[in-house]
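Trainee: Sequence:
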Amino acid sequence: MNKDGGAEPNMQSCVTLILDKYKRTPQRRILVGIGGRPGSGKTTFAQMLAAELRKQIPIHLGIQDADSAVAIMSQDGYHLYREELLAMPSSAKALERRGAEWTFNARKLCRDLQAIRLPAEVNPHGDPPVQLYDDVYVPSFDHAAGDPVEWNTLVPGTAVVVILEGNYVLYCGTPLWAEVRRSLDVTIFLDCDATICAQRLCDRHMAAWGITVEEAMRRATGSDAVNGSLVEKTRGEADIVLKSVGHRPIKGHL
Numbered sequence: 001m002n003k004d005g006g007a008e009p010n011m012q013s014c015v016t017l018i019l020d021k022y023k024r025t026p027q028r029r030i031l032v033g034i035g036g037r038p039g040s041g042k043t044t045f046a047q048m049l050a051a052e053l054r055k056q057i058p059i060h061l062g063i064q065d066a067d068s069a070v071a072i073m074s075q076d077g078y079h080l081y082r083e084e085l086l087a088m089p090s091s092a093k094a095l096e097r098r099g100a101e102w103t104f105n106a107r108k109l110c111r112d113l114q115a116i117r118l119p120a121e122v123n124p125h126g127d128p129p130v131q132l133y134d135d136v137y138v139p140s141f142d143h144a145a146g147d148p149v150e151w152n153t154l155v156p157g158t159a160v161v162v163i164l165e166g167n168y169v170l171y172c173g174t175p176l177w178a179e180v181r182r183s184l185d186v187t188i189f190l191d192c193d194a195t196i197c198a199q200r201l202c203d204r205h206m207a208a209w210g211i212t213v214e215e216a217m218r219r220a221t222g223s224d225a226v227n228g229s230l231v232e233k234t235r236g237e238a239d240i241v242l243k244s245v246g247h248r249p250i251k252g253h254l
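Mapping of the sequence shown onto the UniProt record's numbering: position 241 corresponds to residue 241, and the numbering continues sequentially without gaps.
Hints were generated in silico from the structure; no laboratory data involved.
Mixed in with the good hints there might be a few duds.
Result set (DSBU-like, lysine-lysine): computed pairs, CA atoms no more than 30 Å apart in a straight line [unchecked claim]:
id	residue 1	residue 2
1	K93	K55
2	K243	K21
3	K93	K108
4	K233	K108
5	K23	K55
6	K23	K243
7	K233	K93
Let's have the full structure, built from the sequences with the hints guiding it.
Mentor: Structure below.
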């Protein structure tokens, strides 16, 4: 339910909130955060939201190049490298708990969000003056290699909406993560049953690493579940909470 106690929100609720926010602050790009437990459907929902925004932006904002008007970036690109985890005093624990909030480079994410958020210059001849943004390249994550890939995702200067999806984008438990949350204009939390998330994660782990179902489920109900319990507490930071239901509601990386 929305914070105002209104009707059950849906995809259109998210699109409307984002477009209305942009109209109230014209010529300034909007940063959208999508949070939720591991396996809740964040990546797939981000892709669906971007597709719907690209349909409606030309109609409501008059921007015709809709493809480059929306960009998606993932918190996964800010995983610490395996070599960084191995260099920690408790390296075995760090590897086992990879995916916990302290195994991400939140400082680097803050730096990139600042570069994305702040205009490079302002063209004073527009009415209102037009804010101009640089292209920014951010990291992605290679699940097969198990490490980030630097400068692999483009956030074009033409983007008016930038979507950031990840487990901890609504987390405020440390100063750096709280800064990430403050960078976001619109926040969405995907509410998904822990059992469904665990089954999705089990499928994902088997596909990515070729491990047995027992080993995959041990991971999904172990460290992933611990992380999920922390993420669950961040739902109060969301403008909109959406239900994510079903074992495999959509194909893709969930």
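Trainee: Run every hint past the structure and note whether it holds.
Mentor: Going through the hints against the structure:
1. K93 with K55: Between K93 and K55 the Cα gap is close to 45 Å, so the pair fails against 30 Å, i.e. violated.
2. K243 with K21: holds, 23 Å
3. K93 with K108: holds, 23 Å
4. K233 with K108: holds, 24 Å
5. K23 with K55: Roughly 17 Å separates the two Cα atoms, so the pair holds.
6. K23 with K243: Status holds; Cα separation ~27 Å.
7. K233 with K93: holds, 23 Å
Hint violations for this structure: number 1 only, all remaining hints satisfied.
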